[in-house]
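Going down the list, the sequences are from chains A and B. Residue numbering for the first sequence follows our numbering, beginning at 1 and increasing consecutively. Residue numbering for the second sequence follows our numbering, beginning at 1 and increasing consecutively.
If you are wondering where the hints come from, they were derived from the structure by calculation, not from laboratory data. The reader is advised that the hints may include incorrect statements.
[To be verified] Restraint ranges, calculated between C-beta atoms of paired labels, are given here:
{"no.": "1", "chain 1": "B", "residue 1": "Pro62", "chain 2": "A", "residue 2": "Phe81", "range": "37 to 43 Å"}
{"no.": "2", "chain 1": "A", "residue 1": "Ile26", "chain 2": "B", "residue 2": "Ile88", "range": "34 to 40 Å"}
{"no.": "3", "chain 1": "A", "residue 1": "Pro35", "chain 2": "B", "residue 2": "Ile79", "range": "28 to 34 Å"}
{"no.": "4", "chain 1": "B", "residue 1": "Leu65", "chain 2": "A", "residue 2": "Phe4", "range": "26 to 32 Å"}
{"no.": "5", "chain 1": "A", "residue 1": "Thr70", "chain 2": "B", "residue 2": "Trp31", "range": "36 to 42 Å"}
{"no.": "6", "chain 1": "B", "residue 1": "Ile14", "chain 2": "A", "residue 2": "Thr70", "range": "24 to 30 Å"}
{"no.": "7", "chain 1": "A", "residue 1": "Glu103", "chain 2": "B", "residue 2": "Asn5", "range": "29 to 35 Å"}
{"no.": "8", "chain 1": "A", "residue 1": "Glu126", "chain 2": "B", "residue 2": "Gln92", "range": "44 to 50 Å"}
{"no.": "9", "chain 1": "B", "residue 1": "Ile20", "chain 2": "A", "residue 2": "Met1", "range": "47 to 53 Å"}
{"no.": "10", "chain 1": "A", "residue 1": "Arg122", "chain 2": "B", "residue 2": "Gln92", "range": "32 to 38 Å"}
{"no.": "11", "chain 1": "A", "residue 1": "Lys111", "chain 2": "B", "residue 2": "Leu27", "range": "34 to 40 Å"}
Quick caveat: nothing in here was measured; it's all calculated off a predicted structure. Here a beta-carbon is modelled for each residue, glycine too, at the ideal position from N, C-alpha and C.
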Amino acid sequence: MPDFVLIILLLLAALFVLAGTVLSVIGLVGLKRLPDMYTRLHATGKVGLFGVVLLLLGVFFFGIYQADWTIILRAVLLFLFLLIVGPTAAHAISSAAYRFGQEPYLGPDGKGGRDDLARDVRQKAEELLAEHRRKKKKEK
Amino acid sequence: MTVANAIFDIVLYIGLLTHIGLIAASLYTFWKRTLVFDRLIIADLVATYILALLVILAMLMPESLFLDVGLGLAAMGFIGAIALAKYIADQQMF
């Protein structure tokens, strides 16, 4: 490859590494400052997706610069794996917290937001209860 | 050429030191917070930061073996986070 293409590849890799580092710092700031467990999870989920994925884009360009296929293939594999794994783990943690009974933050006066999941859960429970009562009536 | 190489190396060292500092700060937060889900989130976060550290090391050395180690770490962190979340919510693993 010509020289200026190599220089551009290296500078692109450096740019992506810098961007990933900045997003990692933003994740920790969100963890420190946000008021609620769910919002903190939202902030730290960004580190797993954008921080490391931008670093992996840097690795991708670095692999092209080195003309090393082993680095490129592993970077793409880790990239796809992280895209699947990060949101799944965050969803598992937040649904576990909701089932545990963790209250979401609804503003300083407690009226700022709404809890859609509570409404859905209550509706489903009422349907199950009605069905159970119907079955009991039939048995009698 | 050498200028671009120097810039790339400096950026990599900045990223390395920043991530080491972030790991230290998040471990301090782990010590301070008492809510169990906060600690779960921070454990997941520290695993992600160590993965980022490995990715930066793979560019610094340069050695693609670090990316393999990172893949294993990401898989183990994912399984650990899901197992711990289920254990805390349901009081049983399986």
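These are the hints, each one checked on the structure:
no.: 1; hint: Pro62(B) / Phe81(A): 37 to 43 Å; in the structure: violated, 21 Å
no.: 2; hint: Ile26(A) / Ile88(B): 34 to 40 Å; in the structure: violated, 27 Å
no.: 3; hint: Pro35(A) / Ile79(B): 28 to 34 Å; in the structure: holds, 30 Å
no.: 4; hint: Leu65(B) / Phe4(A): 26 to 32 Å; in the structure: holds, 31 Å
no.: 5; hint: Thr70(A) / Trp31(B): 36 to 42 Å; in the structure: holds, 39 Å
no.: 6; hint: Ile14(B) / Thr70(A): 24 to 30 Å; in the structure: holds, 26 Å
no.: 7; hint: Glu103(A) / Asn5(B): 29 to 35 Å; in the structure: violated, 53 Å
no.: 8; hint: Glu126(A) / Gln92(B): 44 to 50 Å; in the structure: violated, 27 Å
no.: 9; hint: Ile20(B) / Met1(A): 47 to 53 Å; in the structure: violated, 34 Å
no.: 10; hint: Arg122(A) / Gln92(B): 32 to 38 Å; in the structure: violated, 25 Å
no.: 11; hint: Lys111(A) / Leu27(B): 34 to 40 Å; in the structure: holds, 36 Å
Of the numbered hints given earlier, the model fails hints 1, 2, 7, 8, 9, 10; all others are met.
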